[in-house]
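Please put together the full structure from these sequences, using the hints given.
Going line by line, the protein sequences match chains C and U.
The numbers in this note's numbering rise by one with no breaks, and the one at position 151 of the first sequence is 151.
Remember, this note's numbering sits 223 above the position in the second sequence when you count from 1.
Hints in this document: simulated from the structure, not taken from any laboratory.
Careful, some of the hints might be misleading.
As the list claims (entries may be wrong) - Here are the simulated DSBU-like pairs of lysine-lysine, each with C-alpha atoms no more than 30 angstroms apart in a straight line:
| no. | chain 1 | residue 1 | chain 2 | residue 2 |
| --- | --- | --- | --- | --- |
| 1 | U | Lys540 | U | Lys285 |
| 2 | U | Lys606 | C | Lys54 |
| 3 | C | Lys59 | U | Lys579 |
| 4 | U | Lys227 | C | Lys3 |
| 5 | U | Lys418 | U | Lys341 |
| 6 | U | Lys437 | C | Lys54 |
| 7 | U | Lys227 | C | Lys87 |
| 8 | C | Lys65 | U | Lys579 |
| 9 | U | Lys477 | U | Lys390 |
| 10 | U | Lys489 | U | Lys288 |
| 11 | U | Lys541 | U | Lys327 |
| 12 | U | Lys440 | U | Lys489 |
| 13 | U | Lys501 | U | Lys256 |
| 14 | U | Lys606 | C | Lys100 |
| 15 | U | Lys227 | C | Lys8 |
What the hints assert, rightly or not - To give an idea of the interface, some chain U residues facing chain C are shown, with a C-beta separation under 8 angstroms as derived from the structure:
| no. | residue |
| --- | --- |
| 16 | Leu236 |
| 17 | Ile239 |
| 18 | Tyr244 |
| 19 | Leu245 |
| 20 | Pro346 |
| 21 | Pro349 |
| 22 | Asp367 |
| 23 | Ile409 |
| 24 | Ile580 |
| 25 | Ile584 |
| 26 | Leu628 |
Unchecked claim - Sample of chain C residues lacking proximity to chain U, with all beta carbon distances greater than 12 angstroms (derived):
| no. | residue |
| --- | --- |
| 27 | Trp10 |
| 28 | Ala21 |
| 29 | Val25 |
| 30 | Lys59 |
| 31 | His94 |
| 32 | Gly108 |
| 33 | Leu115 |
| 34 | Phe123 |
| 35 | Ile163 |
| 36 | Phe186 |
Note that the Cβ used here is the ideal one computed from N, Cα and C, for glycine as well.
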Amino acid sequence: MLKAILYKEWIKLRWAVIVVAALTVLSLAYTIGMINYYVEFQGAFSNWMYVIGKSLLLKNIVFVKFLPILTGLAFALIQFVPEMTNKRMRLSYHLPISEKKLLLSSVGFGYMFLLAEIIFLFFGLWLVISMTYPTEVVTKVLMSTIPWFLGGSAMYFMAAFIILEPTWIYRVIYAVVAYALIELNFRATTYDQYQRLWIMVLIVAIMPLTVMFASHRFRRGTK
Amino acid sequence: MLNKLSRYTIILLMVIVSALYLPDFFSMLFDKKVDTPRMDYSAVIDEFVYLQYYGMGQIDYKDIKGNTYTEREYYQLLPFMFYANLEKWQQLPPTLKGFEMTSKNIRRNSQMLRIQPKNIDPPIVPLNIMFEAEGDYAQLMIPDDVFRLGNTIEFLDPASNSVIEEKSQIFQEAMLAAGFTFPAKIVAANQTNRKPFDEGYFIKDATNKIFHLKMIKGEPVCIQTGIDPDLGIRQIFIGENLRKEFYGWLLTDKNEIYLITYDNYKLRQIPTTASDPKYDYIANDMTIRFYIYPVNKHIQIRGDGFNQMIVLDNDYKKIDEHVMTWTPYDKRPSSVVKSFIFPFELSTYDPMQWVKIQMNIFWWHGLIGIAISLLALLIFSRKRPWFDYVIVLFTGVFGLIGVLLIKPED
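Take a look at the structure:
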């Protein structure tokens with residue numbers, strides 16, 4: 001049964017995964033292009049001064065900043081909107097599989113692709129930045145991306161949660177909460193500015209648990 | 224069971240979001256501006272003076288004995304601050320306390336240094352530039368390489384993103400010959416070319432000894448300064464000035480400040496404590512300014528709710544001190560009301576310039592808010608899982624909002 005569920009999720013996601021894979025490669029290519037452009041027009045030393053002193057790279061890797069949240073949102077929409085139209089989710093809940101297994105494996109499966117994108121971006125960025133800049137810069141840039149990846153993961157979990165919630169009032173409340181939690185990860189103005197990252201990680205780590213309550217409310221048919 | 228856990232997860236997330244935003248909204252709506260006085264010390268009347276803003280553009284110029292002055296009279300009391308205007312109005316006295324008063328003379332003999340919390344340990348990329356200290360040109364030329372100083376010293380060439388072996392080797396040897404033990408703990412310099420000359424780097428090595436590193440005609444010059452390694456030096460600040468009295472200043476773990484003088488790196492401490500220990504300098508929370516004037520020196524420690532000023536004579540002996548206070552942020556009406564309504568607040572603001580999620584618990588005022596929230600919960604609903612009360616017990620009104628909005632489904 002689980003295999004069938006996962007296959008269903010794959011059928012929904014496969015085109016999105018291909019598009020996202022292409023976008024990931026394009027984001028890295030764009031980053032290379034931007035870095036080379038700035039080095040060409042500023043001169044190598046002047047460029048390093050901007051990178052070190054004015055956090056220039058945070059501007060150059062802007063797609064890496066936003067791709068995970070967009071991907072998270074897209075995956076959540078693609079996976080769960082079809083389930084919730086005309087309350088089709090009711091059918092899924094009648095399948096011979098526990099609610100818990102059904103939802104957590106669907107969410108886990110979708111997250112797996114998001115995580116793959118994040119890992120690809122991380123190591124891709126590592127490669128790209130090291131071509132032009134020394135390890136100090138590479139470390140700082142990679143550390144700066146961690147909150148963004150957490151933000152992308154938060155977007156996926158919260159979007160799935162909001163879509164699976166049956167009533168609109170609750171959805172609005174959750175949307176406000178989701179916005180605040182995602183924004184929490186984008187407050188840096190320079191490299192590697194976050195301390196106590198483990199708290200951010202913990203907040204995102206407990207988010208997948210929320211979908212169970214949404215499904216519970218759906219099954220009870222309450223308003 | 225999982226559904227209950229799920230509901231409490233949602234409520235926890237709502238508590239976090241409420242604690243991040245609601246106290247802030249409250250402050251935004253109800254905080255009032257408090258005009259604080261600007262203190263100074265007049266060498267003309269040997270007394271502390273200050274100006275106090277009142278709303279609607281009204282400014283009072285006074286001394287601490289209570290006398291009032293007009294704006295022009297106030298400027299005349301502080302010639303070392305307002306010499307430009309006074310010279311234009313031809314109201315600069317010819318001499319003051321034996322010092323010849325011209326703009327040029329005053330500028331040449333004045334200096335200011337400042338330490339703010341955001342300067343002490345900001346997030347930076349640990350790569351530095353080494354200026355040529357005795358170059359051919361009139362101004363400092365920006366080099367075309369950067370160096371890292373960790374387990375070794377290595378100069379890097381940006382064009383090829385690789386190590387410049389020869390230069391790195393020469394510097395490495397010079398530092399080791401001077402007795403330097405890698406890795407470096409503090410690397411401090413004034414990394415700009417907008418200064419009259421360059422004194423290079425002051426570096427704390429692994430054994431807490433301080434070394435002075437410069438580049439003269441392309442060659443490294445590394446000197447062991449002999450500064451006491453047991454001082455507990457937290458940060459070093461370099462500020463080149465034509466007065467050539469000191470290279471810079473350093474801050475210790477005990478919130479002491481020492482000037483690093485040109486007299487063989489001998490340290491000179493400047494006072495950072497006042498007669499009332501409430502107003503002692505604490506680096507993480509306060510800003511300290513040290514003004515050097517031709518006839519005296521001022522130290523101003525500004526914190527939340529007070530401005531402590533200490534005046535020294537030219538031999539660094541204390542002449543006078545005075546403190547002015549106003550209501551600190553936590554004691555103002557809106558903050559007090561806030562502490563009764565909310566049990567704690569979350570924020571990511573850090574004066575040291577990091578993004579750090581932190582909790583400020585409003586002890587014991589918050590308990591009242593919690594008690595009211597528990598009461599409200601009792602009134603609003605009878606049948607409720609006992610854990611809801613536990614949540615409200617710990618999170619007050621934030622938890623109340625969560626448990627009321629997200630009804631338990633049974």
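Now the hints, each set against the structure:
1. Taking the CA atoms of Lys540(U) and Lys285(U), the gap is near 26 angstroms; set against the 30 angstroms cutoff, the hint holds.
2. Pair hint Lys606(U) plus Lys54(C) does not hold up; C-alpha atoms about 57 angstroms apart against a cutoff of 30 angstroms.
3. Between Lys59(C) and Lys579(U) the CA atoms are separated by roughly 22 angstroms; this keeps the pair inside 30 angstroms, and the hint holds.
4. In summary, the hint linking Lys227(U) to Lys3(C) is supported, as the alpha carbons are separated by about 28 angstroms, within the 30 angstroms threshold.
5. Restraint check for Lys418(U) and Lys341(U): the C-alpha separation of about 22 angstroms stays at or below 30 angstroms, so the hint holds.
6. The suggested pairing of Lys437(U) with Lys54(C) holds, with an alpha-carbon distance near 25 angstroms, which does not exceed 30 angstroms.
7. A distance of roughly 23 angstroms separates the Cα atoms of Lys227(U) and Lys87(C); the hinted pair therefore holds under the 30 angstroms criterion.
8. Between Lys65(C) and Lys579(U) the alpha-carbon distance is near 20 angstroms, which keeps this suggested pair within the 30 angstroms criterion.
9. Restraint check for Lys477(U) and Lys390(U): not satisfied, since their Cα atoms lie roughly 38 angstroms apart, outside the 30 angstroms limit.
10. For the suggested pair Lys489(U) and Lys288(U), the alpha carbons sit about 39 angstroms apart, so the restraint of at most 30 angstroms is broken.
11. At roughly 27 angstroms between alpha-carbon atoms, Lys541(U) and Lys327(U) fall within 30 angstroms of each other, so this suggested pair holds.
12. Between Lys440(U) and Lys489(U) the alpha-carbon distance is near 26 angstroms, which keeps this suggested pair within the 30 angstroms criterion.
13. Between Lys501(U) and Lys256(U) the alpha-carbon distance is near 24 angstroms, which keeps this suggested pair within the 30 angstroms criterion.
14. Straight-line distance between C-alpha atoms of Lys606(U) and Lys100(C) comes to about 27 angstroms, which keeps the hinted pair within the 30 angstroms bound.
15. Between the alpha carbons of Lys227(U) and Lys8(C) the distance comes to roughly 28 angstroms, so the proposed pair stays at or under 30 angstroms and holds.
16. Interface hint status for Leu236(U): upheld, as the beta-carbon distance to the closest one in chain C is roughly 6 angstroms, under 8 angstroms.
17. Checking Ile239(U) against chain C by beta carbon gives a least distance of about 7 angstroms; that is within 8 angstroms, so the hint holds.
18. Checking Tyr244(U) against chain C by beta carbon gives a least distance of about 6 angstroms; that is within 8 angstroms, so the hint holds.
19. Checking Leu245(U) against chain C: minimum C-beta separation of about 11 angstroms lies over 8 angstroms; hint violated.
20. Restraint check, Pro346(U) versus chain C: the minimum CB separation of about 5 angstroms is within 8 angstroms; hint holds.
21. Below 8 angstroms, beta-carbon pairs count as interface contacts, and Pro349(U) has one with chain C at about 5 angstroms; its hint therefore holds.
22. Given hint, Asp367(U) at the interface with chain C, holds; its Cβ is 5 angstroms from that chain's nearest Cβ, closer than 8 angstroms.
23. Because the smallest distance between the Cβ of Ile409(U) and any Cβ of chain C comes to about 16 angstroms, over 8 angstroms, the interface hint for this residue is violated.
24. At a threshold of 8 angstroms, the smallest CB-CB gap from Ile580(U) to chain C is about 5 angstroms, leaving the interface hint in force.
25. A cut of 8 angstroms between beta carbons decides the hint on Ile584(U): the least distance to chain C is about 16 angstroms, and the hint is violated.
26. Interface restraint check for Leu628(U): the shortest CB-CB distance to chain C comes to about 6 angstroms, inside 8 angstroms, so the restraint holds.
27. Every CB of chain U lies more than 12 angstroms from the CB of Trp10(C), the least distance being 25 angstroms, so the non-interface label holds.
28. Every Cβ of chain U is farther than 12 angstroms from the Cβ of Ala21(C); the closest lies at roughly 29 angstroms, confirming the non-interface assignment.
29. Distance check on Val25(C): its Cβ is at least 23 angstroms (rounded) from any Cβ of chain U, clearing the 12 angstroms threshold; non-interface status holds.
30. No Cβ of chain U approaches the Cβ of Lys59(C) within 12 angstroms, the least distance being about 15 angstroms, so the stated non-interface status holds.
31. Under the 12 angstroms C-beta cut-off, the non-interface status given to His94(C) relative to chain U holds; the minimum distance is some 18 angstroms.
32. The Cβ of Gly108(C) sits about 15 angstroms from the closest Cβ of chain U, beyond the 12 angstroms cut-off, so the non-interface label holds.
33. Residue placement check: Leu115(C) keeps its beta carbon more than 12 angstroms from all beta carbons of chain U (closest about 20 angstroms).
34. The beta carbon of Phe123(C) is kept farther than 12 angstroms from every beta carbon of chain U, the shortest such distance being approximately 19 angstroms.
35. Every Cβ of chain U is farther than 12 angstroms from the Cβ of Ile163(C); the closest lies at roughly 15 angstroms, confirming the non-interface assignment.
36. The Cβ of Phe186(C) sits about 10 angstroms from the closest Cβ of chain U, inside the 12 angstroms cut-off, so the non-interface label is violated.
Against the hints set out earlier in the document, violations occur for numbers 2, 9, 10, 19, 23, 25, 36.
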